[in-house]
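Trainee: Sequence:
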Amino acid sequence: MQIVINGELKLVSEKLTAQQLLQELGIAEQKLALEINEEIIPRSSLCEHVIQPGDTVEIIHAIGGG
1 MQIVINGELK LVSEKLTAQQ LLQELGIAEQ KLALEINEEI IPRSSLCEHV
51 IQPGDTVEII HAIGGG
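In the numbering used here, the protein residues as written are 1 to 66.
Just so you know, these hints were derived from the structure itself, not from any lab.
No experiment lies behind these values; they were computed from the predicted model shown.
Treat the hints loosely; a few may be bogus.
[Said to hold, decoys possible] Dumping the calculated SDA-like pairs for lysine to any residue here, alpha-carbon to alpha-carbon at most 25 Å:
1) K10 x S45
2) K10 x G64
3) K15 x R43
Working from the sequences, and respecting the hints, build out all of it.
Mentor: Written out as structure tokens, the structure is:
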């Protein structure tokens, strides 16, 4: 199915949870925020939230600094 990830159209597997999407993309769940269709998905809900065709996903990596 097609979704938009960080502004780029991508093809991903069907019926993925948010957690499975991150695994498919090879992204560790640590230190990131996931926004789907302008809604932040709590880390506790990543394994329950199902990605739908046409969803817009933003993956925001936390970077420490000072």
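Trainee: Hints first: check each against the structure and report whether it holds.
Mentor: Cross-check of the supplied hints:
1. K10 x S45: Holds, at roughly 22 Å.
2. K10 x G64: violated (28 Å)
3. K15 x R43: holds (19 Å)
Against the hints set out earlier in the document, a violation occurs for number 2 only.
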